[in-house]
Amino acid sequence: MKLSVWTYEGPPHVGAMRVATGMKGLHYVLHAPQGDTYADLLFTMIERRNHRPPVTYTTFQARDLGEDTAKLFKKSCQEAYDRFKPEALIVGASCTAELIQDDPGGMAETMGLPCPVIPLELPSYQRKENFGADETFFQIVRTLARPMERTAHISCNLIGATGLGFRHRDDITEITALLDEMGVRVNVCAPYGATPEDITRLGAAHFNVLMYPETGESACRWMERELDQPFTKIVPIGVGATRDFVREVAGLADVPATLDENRLRQPWYARSVDSTYFTDKRVFIFGDGTHVAAAARIARDEMGFEVVGLGCYNREMARPIRALAKEYGVEALITDDYLDVEARISELAPEMILGTQMERHIGKRLGIPCAVISAPVHVQDFPARYSPQMGLEGANVIFDTWVHPLVMGLEEHLLHMFREDFEFHDDAGASHHGHAAKARPVEPAEEPAEPVMAEVTAAPADQGAEIIWLSDAEKELRKIPFFVRGKARRNTETFAAERGLREIDIDTLYDAKAHYAR
Amino acid sequence: MTHHSAPPPAIGCRNTPILKQRGQHEVFCGLTGIIWLHRKMQDAFFLVVGSRTCAHLLQSAAGVMIFAEPRFGTVILEETDLAGLADAQEELAREVDRLLARRTDIRQLFLVGSCPSEVIKLDLARAAEKLSARHAPSVRVMYYSGSGIETTFTEGEDACLAAMVPELPETDKRQLLMVGALPDVVEDQALSLLEKLGVEDVAVLPARYADSGVSVGPNTVFALTQPFLGGTHAALERRGARHIPAPFPFGEEGTTAWLQAVAREFGVDTARFDAVTAAPRARSIQAMSKAKQVLSGKKVFFFPDSQLEIPLARFLVRECGMEAVEVGAPFIHKALVGPDLDLLPEGPVIAEGQDVDKQLDRCRAVQPDLTVCGLGLANPLEAEGLSTKWAIELVFTPVHFYEQAGDLAGLFSRPLRRKSLLQLDAAE
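Chains S and L, in that order, give the protein sequences. All the letters of the first sequence, read from the start, carry residue numbers 0 to 517 under numbering that gives the first Met the number 0. All the letters of the second sequence, read from the start, carry residue numbers 0 to 427 under numbering that gives the first Met the number 0.
I should point out that these hints are in silico values taken from the structure, not numbers from a laboratory. Since we're looking at a predicted model, the values are computed, not measured. Don't take every hint at face value.
[What the hints assert, rightly or not] For lysine-lysine, the following DSS-like pairs were computed, each having C-alpha atoms within a straight-line distance of at most 25 Å:
#1 L/K19 - S/K70
#2 L/K418 - L/K289
#3 L/K195 - S/K70
#4 L/K357 - L/K297
#5 S/K363 - S/K474
#6 S/K1 - L/K129
#7 L/K19 - S/K74
#8 L/K19 - L/K39
#9 S/K73 - L/K357
#10 L/K120 - S/K1
#11 S/K232 - S/K325
#12 L/K298 - L/K357
[Said to hold, decoys possible] Footprint (simulated), chain S over chain L, 3 or more residues, beta carbon under 8 Å:
#13 19 to 28
#14 48 to 58
#15 147 to 156
#16 370 to 381
#17 414 to 422
In this text, a Cβ means the ideal position worked out from N, Cα and C, and glycines have one as well.
Just chain L, with the same shape it has in the complex (with noise of 0.2 Å):
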């Protein structure tokens, strides 16, 4: 059985004026994204050269304490360094010494600038390239910064698979790179529906493992699974590879426009195409449907976050039957989130950047059913009254491709449905 998509609205965003306002941003910096790149990396350590704000973050930025044995630390500025009393390239080359012998297992490092080390310019780039022949073959040195100050939240991500591209050995083969870290389960799923649908060099970015093998070139095409890697994008353009715009791939549209945009660059007929596809498909429309039922006609009010908000908001509108009323996202780039700006039928405010108090206004003003924002704001907006959901649960949870699709119209129902479970205000 094929199903065949909603055609796409008259009017979408992609032309919507932008309401862009300057203030305090209520956002996490690039450094979060250590969070689960370090774990999707598993010989790679991430050392941030900071504050003590800087590691005092990576611990908190969770919500809770994270105590997995960690592949990540910060080596924190003192007043020695600051005061240029200490020789800061050789203070770092005497810490990663130590780190390197105590953590034989790690073949890449990052050093991480942050905002101290870049105001105070310290070359982490040079470090990093002194590191990298000290250390080599066994450990590859690289830098990237996740300060606050250049980088939001998932643009740390960004930064960090950007800093690999020109790095990557050359290569002249026919490939498909798929870039952004997916967790493993999903990006198997990814794998194996490219394979079925016989697209054979396929290359994933970041890789598990330093010694994968991934290459980049001229014949490469990549397709991005994360709309946040403007970065990562031009970086991969600089060596010839070319992109395959899409929507990303939420939801049962979201995902069968991405693979049909893979499909056609390799040439698979529809044939195959809905043989392969036709099973999941159905699978994530029946797996959305009952959270479907409780968001159809609800109102939505995005705060800016992650980048995911515009191609989610596709998805809720789209598949779930909900009305964006605004939808905020830290940065818009249109080369990447354009196909999934001209899927959401106009009409919700589309906001880049933040004044916090003032997006505060707007949305206690329209009273969403659902306010998806950070978790600085999702208890105190919960209290007013608000339903809410964690945005950073969206960037930590399987959400992508046909099978994620349920559990993402789920996160997404959950805070509403409890909404009515609860009975805590009724008379005795």
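Extracted from the complex, chain S is given alone in its bound form (with noise of 0.2 Å):
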């Protein structure tokens, strides 16, 4: 048993509605006891669908038990099969009816109904969410899809996207666009928007540009072996990935590397003088894999940010994360327990967070400012407006998003020089965020004359004894804007600790401020 608060991911079946939800002429029969139909409200609510995802669940309650839960199963698949008229069908068992083993893939697949039934083993309690969606359209494709001539034309599919997937609508128009560009066509785009029909023609693409590792990888490997399709590895989310994937599809589709780079403004925006304020702005990176290596080297490579930590969720992707992790010279965090992603902030204080919707909770009660760069999604994950985050495109919307919750160049300035404005002060916030202005709340005449204790987590351990925070410099710290003031007392701590110092005075505050100087 493990207590959980919050949750990255969902359970397996989740991934597996997000792969039937995505599709067409697909139809999901699961058997799931009531309530299990919360899911539903994933993609009406959050993705905003304007359909029910086509899943049929069995609604098995306590009364079934006792009697024949399997029968059940068998009538309402083939009340869904009547109804809606597949092309295929996927069935499966939610987390409780794993446990009454009905085994509703074999019972399915006696029935005799006139389409492809696939059925899914989707171990509830030892996997998650993507997984579920891997699995599933792995499955799919094994049972779907069959080795064919190629098209006279060079095409690749484009695999992973997914219903309730990050951007993946607008990335597939962006890629699509690019690949178009190169004279690449789209065979087939799956799962999202692709039907049990299309499936079958995926053999007849020349290789596959694998999107999203996450949930299409297992199908890109078993059709790399078996339809002889090779596969990207480039997930083209930022400028220098998306000149690096435009080569390697170049090499597969042996077309000229070209890109018409008109439209990319981030290598500019980042190069103005204004962006000067970027620079070694420590931030933290947490998400699924494939995100957090797409943003780590933005961040480094084309934000000229400081990584000072990195992490994913998913375990599928810890070995890719820690390697990064090296060589970004950081520690990886791999856990799906969010209290333990936000002591790791708190632990490391870095004045921005490219995180989930998990992390920019974590932000605000930290006073943290956040971007999202990666699922579980919020109903903000799906704007109205083309907002994708691979391409060219994807790197500008990149860029305006990660600059957003930032303090802007001259505004920290002002807040450096003026700090002690009562309405124009570190509490207050960036101004472009439009709340309404907190005055600077009354400080007491006298400062309480106790030391403040500091807290040790940045010493080394050799030397962790308590460091005491002198009151001058305790307020003096508090003069320091709220957005590097975690920093100045992290190092301030630190060159402490590293000198045997047992008190930090202002001189220490100083000496440190001059030592970290760059």
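Got two chains here, each in a separate frame; can you build the complex from them with the hints?
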């Protein structure tokens, strides 16, 4: 048993639903108790879909358990086929149905339904949502796709986009256009928008573009083996990655590596003097492995940030993310416990978080700005406007998205200069965020005489004695604007600990400042 | 000024044959009640013993993630727990110890059973007993099931309150127990009305804090503020308390009838009753008038959701001039909603349970002006051109008693007003 307050991923059958809902002409019969239909609202409310997910739930209740849940499953399966007439059915069990061991897959196969029936084995007590999506799509491909003659014109499949995906809708548009500019056609995009009939045509493409390894890698590996289709390894998020991706595609398709950078603004925006204030901004990155890896590269190489920590919640990506962390000289955090993430963030005191909706809330609590780079998704992650993450427009979008939560250049200086101002002060936040101005609370005339114990999390273990902030130094520290205060505190404590100092006074604070100046 | 309510209809819906269908239920399970119960009881923690699905449900149930410091969590069963390799009681005790060490403000801990814990027959009742002994007196540990195989949506609150009843101290005093979780502001309004009527000893279940001293006994009479409390009703009767049947306090008519039932029980005279209620009654009628203009003559269709459907249909038909074409409820406890059924004029289909695809067929066939349904159905029906009201908002919004009558009517009129406001398909 493990206590969980918030989860980054849903159960695996929700991953299967993401595949089914992304596709057309496919129906999912899910052996599940009453209540599991809550998952419908993820699609109808968060993603604002205008149709119900193509899922029939058997909805068994306690009284059915004593009778015949298997019969109930067969009845639901038959009625779902009769009503929806899908081109193919996927069948499986949710966590509770897994326990009663009715074998929905086996039952459905014996029913003689006039369409392909694809059984799913998704171990609910071991795996999670991304696995569920990846495995479901793999099973569909394995059942329906066959080797066939290649298209006359060079073409590829776009693999991995699902319902409820983080910006999948717009990434598909962006990458389709980018490939089109190179003279490469899209044969099938799947699961998003594909029918089971389309899946049977996957083999006609010359290669696969793996857009989202989390949800499409197993299928790509199978197609590489069985259909002789190589797949791309680079995920085109960021300027550098997009350019690399174009070269990779050019190699696979044997076409020139053409990329029209006319509408790319990110590099100039990053070089322009207004962006000087990004320099060495300390960022912490957390999300799914793919988006974290992409964000780390953008943060360091394309924004000039300093990556002070990174990690992912999907264990399937633990190995590449650990390797990546090593390259960035930081320790990877692989966890799906958001309390661990919160602890790491407060320990590192970054100036900005690039994370998920969970980290956005952690940031709110800790007073650290956060930009969202990855699922789990929120209704805000489905904007009405075109807003891809991939390709050149994706790079532009990411620049804007990351800059938005920050206090901008000159404003940052003004806050430094006039930090005692009663309305234009730290706690008021960035002026472009449009909340009501908060007046600075009146400080007590006399500071508490008690010195403050430092949190010595930053100190090396062998010198881990308590370090005391003298009240003058503490007061001085408070004059430093909020977005650098955490860093100043941490640096000063590390500085003091390294020198074996027990107390921090104003001189220690400024000695440390000079020491860390760059 | 005294208003007199319209007379009851010649034939109500109490004896209307109930349409019962069995199929896919598009409803939440009882765990969802935790979303409001954990805010209502400020020193309680709800620990679901379940699967990742349960945890995912709790954070998704309101349509968006709720990130207020949560007083609920899920202990997720893992492979070792299912295989019997780990001693579930020990594992649970360890997680509870850790939780209580971190949250010293917790006075009541509810172990909440889920579908998986019920199917593998984890004895959470025994676990609660043992843990209660271990953490007494600072924390009381109780158990109820919010599993989907046993409970539908609001039945989770019913199961929770029913679990609290046997724990309440015994009393002989003559008192009124007001039962059902209400928003604090509404609860305060109700208590103030009861006080003005001269009903002195009033307690509320659930209380905001564990040490509120709520007790029960043979001289207790109780009035329900929510129609889904069938189990709690039975548990209170087992403790010797007596139910005051009444329509539920929605709108002017419902609130007046509810208060009248209590007033009769406590011998409040008519003059005093009129003096206390006249002003808020007039106010509530005035507050509803705008929405009533929008709603009057329109057809409403209820999908089953919270068991509030019958009282709300009574409200919409009798007080807002709507026509109910189908009133679906997950369960119909006639002992509780009988008085509302009496007031609801014959005509609508009364349905219990659900086969969602068949019900959608009926809904499309009658093309109601307003469809009250869950979040999974609302946008798809809107896309088909039907106006909808999310049923869950009726559970999350203050809607009871006089001062909320206008807001309640407004919840139903807003989708219709919005439809007439938006000019999205107009030609350039």
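**Q.** Distance restraint between S/K73 and L/K357, which requires alpha-carbon spacing of 25 Å or less
**A.** OK: S/K73 and L/K357 at ~18 Å, within 25 Å.
Q) Do three or more residues of the stretch 48 to 58 of chain L come closer than 8 Å to chain S, measuring C-beta to C-beta? A) holds (count 8)
Q. Is it true that the CA of L/K418 sits at most 25 Å from the CA of L/K289?
A. Since the Cα atoms of L/K418 and L/K289 sit roughly 16 Å apart, the hinted pair holds (cutoff 25 Å).
Q. Can the restraint linking L/K19 and S/K70 be considered satisfied, given a maximum Cα separation of 25 Å?
A. holds, 20 Å
Q) Under the criterion that the straight-line Cα-Cα distance not exceed 25 Å, is the pair L/K19, L/K39 satisfied? A) Not OK: L/K19 and L/K39 at ~34 Å, beyond 25 Å, violated.
Q) Count the residues of the stretch 370 to 381 of chain L with a beta-carbon closer than 8 Å to any beta-carbon of chain S: does the count reach three? A) holds (count 8)
Q: Verify the proposed pairing of L/K120 with S/K1, using a straight-line Cα cut of 25 Å.
A: holds, 19 Å
Q.
For a C-alpha distance cap of 25 Å, please report whether S/K232 and S/K325 respect it.
A. Within the cut-off at roughly 20 Å; holds.
Q: Take a quick look at whether L/K195 and S/K70 sit within 25 Å of each other, Cα to Cα.
A: violated, 58 Å
(Q) Tell me if the straight-line CA distance from S/K1 to L/K129 falls inside 25 Å. (A) holds, 20 Å
Q. Under a C-beta cut-off of less than 8 Å, do 3 or more residues of the stretch 19 to 28 of chain L approach chain S closely enough to confirm the stated coverage?
A. With 7 residues closer than 8 Å to chain S, the stretch 19 to 28 of chain L meets the three-residue bar; holds.
Q. Within a Cα-Cα threshold of 25 Å, do L/K357 and L/K297 meet the stated pairing?
A. holds, 23 Å
Checked against the numbered hints above, the structure violates hints 3, 8, 17; every other hint is satisfied.
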